[in-house]
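Asks: Numbering (this note's numbering), first residue to last: 1 to 125.
Keep in mind that the hints were calculated from the coordinates and are not lab data.
Everything hinted at is true.
Just the calculated beta-carbon pair ranges, DEER-fashion:
# : residue 1 : residue 2 : range
1 : Gly-46    : Ala-86    : 16 to 24 angstroms
2 : His-51    : Val-26    : 46 to 54 angstroms
3 : Arg-108   : Arg-15    : 25 to 33 angstroms
All C-beta atoms in this analysis are idealised placements derived from N, C-alpha and C, irrespective of residue type, glycine included.
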Amino acid sequence: MASGAQQPLWALSERQRAFLADCADVVVAAGPLDVLGPVHSVRWEGVRLDHHEVTLESWTLDGPRPLRRLEVSERVPPQGAEVVQASLTALLRRQGLDPAPGRGPKTRDVLEALTHGARPPQRIF
Numbered sequence: 001m002a003s004g005a006q007q008p009l010w011a012l013s014e015r016q017r018a019f020l021a022d023c024a025d026v027v028v029a030a031g032p033l034d035v036l037g038p039v040h041s042v043r044w045e046g047v048r049l050d051h052h053e054v055t056l057e058s059w060t061l062d063g064p065r066p067l068r069r070l071e072v073s074e075r076v077p078p079q080g081a082e083v084v085q086a087s088l089t090a091l092l093r094r095q096g097l098d099p100a101p102g103r104g105p106k107t108r109d110v111l112e113a114l115t116h117g118a119r120p121p122q123r124i125f
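Produce the entire structure from the sequences given, and follow the hints as far as they go.
Replies: Structure, rendered in C-alpha cells:
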C-alpha cells in the first residue's frame, strides 16, 4: 500500500469493521489513508554496561518536531528488580545520561509526534 501501487480501499477487513462498530467507543472513518514517518529504529541486544547486560533501542523521527528516544532495558526477575533499576539508573547518570523515570512508552511518544505534525503526511490515494 505505501508504494501507491495498489489503492487501499480500507485498512480493515469487513469482520474487523463490524467488531469496531459493535465494541468501540469511537467512530472509525473510512477516508483515505495517510503515510506517516519514516521512523528509524535500531536495536542492540546483549550490550554490557558495567555489570549490567542491557538492550538499547534508539528511535528517531526527523522533521520540524524531531524526536530522539533511547530506551535502555534489562530483563531481571521481579525479586530484586528495584535494586537493579537503581544501580542501572546510577550508572547511566554517571555517564551523563538522565533517565526519565515514569515516562510513557516510546511507541506512544512516536505516534504522538507523528500525529501532531512532526512530518506532513503523504496521501497514498
